[in-house]
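Mind docking chain B on chain A? Use the hints.
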Amino acid sequence: MKKGGIISLIAIFLGLIAGAILIMATGNDPVEGFTYLFQGGLKDSERIGNTLATATPLILTGLSVAFAFRTGLFNIGAAGQMLIGGFCALAIGLTVHLPTYLLLPLMVVVAMVAGAIWAFIPGLLKAKFNVHEVVSTIMMNWIAYWMVYYLVQNHFKGDTETESRMLADSATLKVPFLSDLFSGSFINLGIVIAIIMVIVISFIINRTVLGYELKAVGHNRSAAEYAGISVNRNVILSMMISGGLAGLAGVVQYAGNSSLIEIGVLPSEGFDGIAVALLGMNSPIGVFFSAIFFGLLSTGKGFMSAMTSIPPEISDVIIAIIIYFSATSLLIRKVINKLTRSRKYKKEILNSNVNVGEKVE
Amino acid sequence: MDLIIQIFPYAIAYTIPLLIVALGGLFSERSGVVNIGLEGLMVVGGFASALSISKLQQSYPDASWVIWVGLLIAMLAGALFSLLHAFASINLNADQVISGIAINMIAGALTVFLARNITGSGNIRITGMSRGDVDFLGLNLSHIPLIGSLFFKNAYSTTWLVLIILVISIFVLYKTRFGLRLRACGEYPQAADAAGINVYRIRYIGVMISGAFSGLGGAIILVTYSGEFSGSVAGLGFLAIAALIFGQWKPLGILAASLFFGIATTITNVAQVVPSFAAIPQLVLKVFPYVVTLIALVIFSKSSQAPKSVGVPYEKGKR
Numbered sequence: 000m001k002k003g004g005i006i007s008l009i010a011i012f013l014g015l016i017a018g019a020i021l022i023m024a025t026g027n028d029p030v031e032g033f034t035y036l037f038q039g040g041l042k043d044s045e046r047i048g049n050t051l052a053t054a055t056p057l058i059l060t061g062l063s064v065a066f067a068f069r070t071g072l073f074n075i076g077a078a079g080q081m082l083i084g085g086f087c088a089l090a091i092g093l094t095v096h097l098p099t100y101l102l103l104p105l106m107v108v109v110a111m112v113a114g115a116i117w118a119f120i121p122g123l124l125k126a127k128f129n130v131h132e133v134v135s136t137i138m139m140n141w142i143a144y145w146m147v148y149y150l151v152q153n154h155f156k157g158d159t160e161t162e163s164r165m166l167a168d169s170a171t172l173k174v175p176f177l178s179d180l181f182s183g184s185f186i187n188l189g190i191v192i193a194i195i196m197v198i199v200i201s202f203i204i205n206r207t208v209l210g211y212e213l214k215a216v217g218h219n220r221s222a223a224e225y226a227g228i229s230v231n232r233n234v235i236l237s238m239m240i241s242g243g244l245a246g247l248a249g250v251v252q253y254a255g256n257s258s259l260i261e262i263g264v265l266p267s268e269g270f271d272g273i274a275v276a277l278l279g280m281n282s283p284i285g286v287f288f289s290a291i292f293f294g295l296l297s298t299g300k301g302f303m304s305a306m307t308s309i310p311p312e313i314s315d316v317i318i319a320i321i322i323y324f325s326a327t328s329l330l331i332r333k334v335i336n337k338l339t340r341s342r343k344y345k346k347e348i349l350n351s352n353v354n355v356g357e358k359v360e
Numbered sequence: 000m001d002l003i004i005q006i007f008p009y010a011i012a013y014t015i016p017l018l019i020v021a022l023g024g025l026f027s028e029r030s031g032v033v034n035i036g037l038e039g040l041m042v043v044g045g046f047a048s049a050l051s052i053s054k055l056q057q058s059y060p061d062a063s064w065v066i067w068v069g070l071l072i073a074m075l076a077g078a079l080f081s082l083l084h085a086f087a088s089i090n091l092n093a094d095q096v097i098s099g100i101a102i103n104m105i106a107g108a109l110t111v112f113l114a115r116n117i118t119g120s121g122n123i124r125i126t127g128m129s130r131g132d133v134d135f136l137g138l139n140l141s142h143i144p145l146i147g148s149l150f151f152k153n154a155y156s157t158t159w160l161v162l163i164i165l166v167i168s169i170f171v172l173y174k175t176r177f178g179l180r181l182r183a184c185g186e187y188p189q190a191a192d193a194a195g196i197n198v199y200r201i202r203y204i205g206v207m208i209s210g211a212f213s214g215l216g217g218a219i220i221l222v223t224y225s226g227e228f229s230g231s232v233a234g235l236g237f238l239a240i241a242a243l244i245f246g247q248w249k250p251l252g253i254l255a256a257s258l259f260f261g262i263a264t265t266i267t268n269v270a271q272v273v274p275s276f277a278a279i280p281q282l283v284l285k286v287f288p289y290v291v292t293l294i295a296l297v298i299f300s301k302s303s304q305a306p307k308s309v310g311v312p313y314e315k316g317k318r
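Those protein sequence lines, which keep their order, are chains A and B.
Using numbering that gives the first Met the number 0, you'd call the opening residue of the first sequence number 0 and step up by one each time.
Using numbering that gives the first Met the number 0, you'd call the opening residue of the second sequence number 0 and step up by one each time.
Isolated chain A, as found in the complex (with noise of 0.2 Å):
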């Protein structure tokens, strides 16, 4: 775990690099750049309230694809799951006239359960035909994309081609307790979901049997059949934990963050998911702070553009390149052997006597 950790250090480190190199080709400064993107996620408080809101989304689809991964399921739908469950949560908003002490319960479980069913498909497809979770969430992803493009267009239509209606501000997570403390942020009750749930999910994976169940299940799944555990169950129920919480990334960004949903883009939280359970090394704590780390960036985009020329979407070619790294992260680990080699050395030679009985297979 601890070499775990400087692997994501570095791979960030080499993505903010990359950056810098790409920056300077495009004839701007570097440290001018780096400088107005980290003002800009972290100056006042009202910048670090947006900050701590962009990363709301993105600890919840971090925690859903960080979740599957333990149970070996490579959940890449949490992008369909989101757009699913605040479609819901939404339509709910728009249509249902309660108290907001209802209202927001029932839209937040109703998001919830929208994922869940959204990955249970996958998540059965999975078990029953062993049909593999990458692509049949990605045509989840896309069959999600059309059905809210139409029953947007055809039902919750707003003011341009391409937006939902708006919620009142009483059917959103907003509440001015949390704007005023961030003197005026659009942060919301979405961040305290987010942040029981990385208490929650990792209570789940570190303290109970069905954690345990599902950690097994992803180390070895014949060795888990083997010692009496069901693996077609875990491996639906933790997709459809899985999309529970993309489901919930959902409503914080559409009846949170924002009002409304936009129609023709599949949600980038989705994707960026998958790089903040990767930095993140797959635990709850990880996938917070990697989450925060691209909540920054996300958010100083848009001051450094705004003081420098460099064009906003460096922040997500720096994201991605570090997913890169971090996909790539044998090539750190190599290095990182080489430079411990000698040490490693000696204990190899004492552990010898016992690897060569494991090599017998």
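Among these hints, one or two may not hold up.
[Said to hold, decoys possible] Some residues of chain A that are not near chain B, with every Cβ distance over 10 Å (derived):
| # | residue |
| --- | --- |
| 1 | L21 |
| 2 | V30 |
| 3 | S44 |
| 4 | L101 |
| 5 | K156 |
| 6 | T161 |
| 7 | R164 |
| 8 | E261 |
| 9 | S328 |
| 10 | I335 |
[Said to hold, decoys possible] Pairwise CB distance ranges (calculated):
| # | chain 1 | residue 1 | chain 2 | residue 2 | range |
| --- | --- | --- | --- | --- | --- |
| 11 | B | V68 | A | T94 | 36 to 44 Å |
| 12 | B | I294 | A | P175 | 36 to 44 Å |
| 13 | A | V264 | B | V290 | 19 to 27 Å |
| 14 | A | N231 | B | Y187 | 50 to 58 Å |
| 15 | B | V273 | A | L8 | 22 to 30 Å |
| 16 | A | M306 | B | I294 | 49 to 57 Å |
| 17 | B | L75 | A | I335 | 54 to 62 Å |
| 18 | B | W67 | A | E160 | 49 to 57 Å |
| 19 | B | N122 | A | M306 | 22 to 30 Å |
| 20 | A | H218 | B | V290 | 31 to 39 Å |
| 21 | B | Y187 | A | R332 | 27 to 35 Å |
| 22 | A | I195 | B | I294 | 37 to 45 Å |
| 23 | A | N153 | B | T118 | 29 to 37 Å |
| 24 | A | I195 | B | A194 | 54 to 62 Å |
Honestly, the hints are just simulated from the structure, not real lab data.
All residues carry an ideal CB built from backbone N, CA and C; glycine is no exception.
Just chain B now, kept in the frame of chain A:
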């Protein structure tokens, strides 16, 4: 019949980019490397061709060779960019799905970043290719009865380029030494290696072909029906993966699947103006390809033709 003749050219226009990208995916997956970065590689191809064509059109406004140069540059750019994926998944044993996602994200962000530096808005406009009747040795082929009006009237010449590539691909995959080696690397790389085949080299070539074809697909969208680069191809790369699976990793299957998806897309687009299609809800047509692919995955789950070792990094000496 009139209706078919009317919409057929449009269906072909949507099918062709899908076909060439899925065909690229075929080479990569048959060599044993999953490539879900097709979407991003299409964006790279679209960007490279948009940039080169818009620059060249400033100097040579009326030349038609400019577009062909753009297509070539798109293929080169796609192949070069796919090296990132090849390096990660072949040499570094990275998770091929994660690397593919990173490719998609890098491509989307990087091209818009560069386009903004160049144009300010992030969009690049070009004058595309025009449709025309296909001439062959001075004969106007559109006068052939029945098929003439379907295939040769009002067609883009890129359509024929892609169909020729399809035929060559079938030949290469099934009738040449290289094709056999490529398929062997996707099925059982250890055996291929034992037979003296350089698995790494073959896989590199497979991924680079997928990059070149995806780049070409992105560029074809640009020069035929879109005319503008905007940093996205709206999920066509993923649809191509669906076509690849639905076509069960076979060239002719892919042709049928992409035609199927192309017609579905066209019907959605013309549904408002053609009364006989208006009865079908657009949503049904749009989600159709994805639902069909899911169903196909379930049906073929017992007899899937997927390459056996696709997605598994090859490590020398590992049993």
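Hints that the structure is at odds with (numbers, increasing): 1, 9, 11, 12, 14, 15, 17 and 18
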